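*Asks:* Given next are the chains, with one letter for each unit.
There are 2 protein chains.
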Amino acid sequence: MPCKNLHPRNSNQPNLPSDNNLVWHNGLITRTDRARLNRHASAVLWFTGLPGAGKSTLAHAVEKELFKRGIHAYVLDGDNVRHGLNADLDFQRQHRRENLRRVVEVAKLFADAGIIVISAFISPYAADREFARQRLAEDAFFEIFVKCSLEECMHRDPKGHYARARKGLIQNYTGISAPYEAPENPDLIIDTQLTTLERSTQQILDFLERHGLFKL
Amino acid sequence: MPCKNLHPRNSNQPNLPSDNNLVWHNGLITRTDRARLNRHASAVLWFTGLPGAGKSTLAHAVEKELFKRGIHAYVLDGDNVRHGLNADLDFQRQHRRENLRRVVEVAKLFADAGIIVISAFISPYAADREFARQRLAEDAFFEIFVKCSLEECMHRDPKGHYARARKGLIQNYTGISAPYEAPENPDLIIDTQLTTLERSTQQILDFLERHGLFKL
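So the protein sequences, as listed, match chains A and B.
Heads up, the first sequence is in our numbering, so the first residue is 1 and it goes up one at a time.
Heads up, the second sequence is in our numbering, so the first residue is 1001 and it goes up one at a time.
Derived by calculation from the structure, the hints in this document are not laboratory data.
Don't take every hint at face value.
[To be verified] Think about it this way: if two alpha-carbon atoms lie no more than 35 Å apart in a straight line, the pair counts; the simulated DSBU-like pairs of lysine-lysine are:
| hint | chain 1 | residue 1 | chain 2 | residue 2 |
| --- | --- | --- | --- | --- |
| 1 | A | Lys159 | A | Lys64 |
| 2 | A | Lys68 | B | Lys1068 |
| 3 | B | Lys1167 | B | Lys1068 |
| 4 | B | Lys1064 | B | Lys1159 |
| 5 | B | Lys1159 | A | Lys68 |
| 6 | B | Lys1064 | A | Lys64 |
| 7 | B | Lys1068 | A | Lys64 |
| 8 | A | Lys167 | A | Lys68 |
The structure displayed is predicted, hence computed values, not measured ones.
Same shape as in the complex, but just chain A (with noise of 0.2 Å):
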């Protein structure tokens, strides 16, 4: 398969009214210069999945393992991300929506700069992963699902959270006062509960190797 993500940079150009008073300024990089300096596609991982999944863990093992080959890959983390650029936002079902509309345009702008993005966010909403999937149509969007039952989550419960939740302090978590409705044809599936870190990574390189991600 060829990679979906070469286009030009002014691929990323939204349609628009007319009389916003901005003016798309082309870059004068394309995405295929990027990708022939790095030696590699772009894409984003969308890894989806309950808290406790495994998403982060297995995110920066994904990366750790793209550095060694010499590739260029940032883990975006919902937990990170919501220290800085989505700081003002809660876990409502309306500011949930904001936290991943921001992250799927820094992914965007992350895909345009050349790098394979890990998104490891638990992007409970199918409608969510949805846009995500329809906004980063040209980047070259995987949706991974990071599969763990809630009962196994529920036992990891690797931040105290899900015990937390079930006393009733905290409001809206996944799994336990909020929905997560898992992904009904993902890209790719690992189940945690079955699979190794080290096999779950090397699923994940062999299944960007075979959608091409790594041969130019």
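Knowing the structure of chain A, use the given hints to seat chain B on it.
*Replies:* Relative to chain A, chain B alone:
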């Protein structure tokens, strides 16, 4: 001068209340690692200047020259970011502040990812630029004043915005109906009335070299 930005990723961590249910996830790849892979340090070049002063043109010229040298750079452009990440914001004072705040956070992520960020925003308020400097203090932040007189900018008027603003068709337009607070102590001044684009670009490359960004 040594590079200022070779800090591990967790230097990104702000002070936070202890009960916000967010856990900082340290990456496995440090900035030093990324700088070694890229063979250059990251930085944030914060361009500021009136509309029409030449910020975007200069930013893209610098990006291109850096690219030709194999250096990973990326322009964050006022107009372009407002098509995506900040499409929900207008030009009122409060929205300008939020616009800048988000761009600062995105610049921080890009710098963390090892990239030389060239941000080309009017950023008319000294207080907002001071916020940028503080927030990016560990990221080799340089304020670059793209200087040009209001008269010359109005004469150039590349997008026809000054003319529309003077007719009252655009509100809150910097230089006409909103203030521009020129930097008092920028790290570098590029006077686009006195200097050609080629020479301006070279001045910035020389500046980066003097600050040790490429010596890795």
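*Asks:* Output the numbers, in ascending order, of every earlier hint that fails for this structure.
*Replies:* 3, 5 and 8
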